[in-house]
Amino acid sequence: MSQKITISPVTRVEGHGKVSIHLDDNNQVSQSRLHIVEFRGFERFVQGRPYWEAPVLVQRLCGICPVSHHLAAAKAMDVIVGAGTGDGLTPTGEKMRRLMHYGQMFQSHALHFFHLVSPDLLLGIDADPAIRNVIGVAQNENFQALAVQGVMMRKYGQEIIKHTAGKKIHGTGAIPGGINKNLSTEERDLLLNGEDPLNAAKMIKWAEEALALFKDYYHKHRDFVDNFSYFPSNHLSLVRKDGALDFYHGVLRAVDAEGNKILKDVDYQHYLNYIAEEVRSWSYMKFPFLTELGKENGWYRVGPLARLNTADFIPSPKAQQEFEAYKAHTNGKPNNYCLHTHWARLIETLHAAEVIKDLLEDPDLQKDDLVVKGKRMPEGVGLLEAPRGTLFHHYEVNKDDQITMANLIVSTTNNNQPMNNAVENVAKAWMNGQNEITEPMMNAVEVAIRAYDPCLSCATHALGKMPLEISLYNNHNELIDQMQSDYTHTKSS
Amino acid sequence: MAKFIKFTIDGEECMAQEGKYVVDAARENGIYIPTLCNVQGIKPKGACRICSVKINGRLMTACTTPVTDGMIIENDHADIQELRKSIIELLFVEGNHLCPSCEKSGSCELQALAYRFEMMVPRFPYFFPLREIDASHPKIIKDHNRCILCKRCIRVIKDKDGKNIFAFRDRGHHTGIYIDPELADNLTDELADKAADICPVGAILKRESGFKTPIGNRKYDQEPIGADVEKINPSNGRKKS
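Residue numbers (the working numbering), protein chains in the order written: chain A, 1 to 493; chain B, 1001 to 1241.
Hints are computed from structural coordinates only; laboratory data are not their basis. Treat the hints with caution; some may be incorrect.
Said to hold, decoys possible - Sample of chain A residues facing chain B (criterion: CB under 10 angstroms; computed from the structure):
id	residue
1	L57
2	H170
3	G173
Beta carbons: idealized from backbone N, C-alpha and C, even for Gly.
Start from the sequences and build out the full structure, keeping to the hints where you can.
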């Protein structure tokens, strides 16, 4: 008798979700879906608000990477106030924002790897859930120093955000056309040469060590890493005009699974010419796709894996060296291994640390020319690479300065289809032939989701409390088995 | 010659010029009585009641009551502070005060008072009224969601002929501030700046100036509201914590 397994709720970046897995008569996975069942409404309630409020308002979408939304909205508003599309700001304006953004990438990537992912890698995907969390890592004498390192790396990134945006979470630094403060020499010295370990050089060293840790893990667990939810896909991200990796600004590029450019460095102001979104009845989250390739074939991945697949090189020496080794692994072709996302993420972490050091040494950060304005425009698009992938903000503003339309395509949305695919692959690998859900099975599904998009709620899972629920259904939609995050079974008759 | 009189606030002997309003007399003696609708130097209105004190045992507004010789004023008492806190909470539930995205945040007197009175969450249910933003004036935006009807803008902002540019419209729960259409053109840049400054909340916004002051430099980032009054007693130089 065929069955359906539901994991509900799976928490996400912006709400709750669930996973349903259908099993056929032979207990083989026939279909798997990640449903996003929460509705936020930001695009609606930002309407009517003065446009300069958007960067501060919309960042409340997220508590982990609010800087991404803050800056993406500010970039869109740069266009509205006639300051250009990202490269039209004053050097101080652009570099302060870059520092804020790279600080955020650094802290978010550190959080992602150390707090959320490392328990699975260091303690094992099937380790006792009571210790398979960041506290468990900290309590293990082999990893104590590592746990502290993760916390301090995150703290350093947060300090950068505080000194550029005003506070660590939900600041106000970026305003339409620029920034509201520069970096004082005291702030610069604190971040550049602060007391050990909170200084730029130590962060580069620690980022290198984290990378070495992952590579060592990979060396020892190559089969598991390579075979965990592998699937080919298209990849999309911003790249600098010369093809370099750039998190803050650039042109839109997409490559297919073989590395052929399918979106050739286009101006993101016209993203609607290239990207459309499909609505499916079973999820509040839309499914974006490249229009030219259509719904079936046009979906793509975003995030660290995608960025290192689209970029030609990394414009910082240590990260470039690591990038070359990483690319050699797939003979220069795009990397489609799900868990290599963590490898890519750590290379990006190293790059962010290098860029932060370079920026802190740049005297432009102490200058006073903060804002530019030009001809007022009715519409603006702001894109950047958020920690988990490409983030789109698009606004229209009326003559009275009120926002009349907002369209946000967040990283999670871009990764909707890939996350569905990842879950399906895991379901097939772990649940084929099963009629009961086990804790490792449940965690395997989470591991797949977590490679793309852990969230604050998922972080609570890292402490053993992710509100995940799996339900098993037969082909008549009758509940066969259900398991909650506290690992209790609820079986229907 | 001005006549000085003696009175007490919470048992502390104070001195002030006869005829001063209690709130001003207290300020001169280094004692803070919270206010919202009151503006120093402008005829008081007594609209918000935040400055309620007990004068000779009766609840009265400190901003509208002149101090008299021998007056006994109770200010820092638990029941009075609780009354003030409840008024602040009522103001929060009556409008839509969403501090996280408000450009006045950090410089807002209502928010600063809520912090001072340690308001965590209002004890009353939110009204969530449906209110519109009026963005039709070329210099300012009026966000009715945040208006607390203090009348500061009506009382302070006058054109060169002394005419009020702002006025009340409608009645009761629907009361709102509007700009007299016949005098709208008289709102100069200078007056628009002044109107945004005088508004204790974020109901009057100067265009394109939101969030220009970085966090750390906003009005109440360094010190809580009232700290300036409490720090120094100008009449005798006595410092309070």
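For each hint, the structure was consulted:
1. L57: Holds: closest Cβ of chain B sits about 4 angstroms from A:L57, inside 10 angstroms.
2. H170: holds (7 angstroms)
3. G173: Cβ of A:G173 sits 7 angstroms from chain B, so the hint holds.
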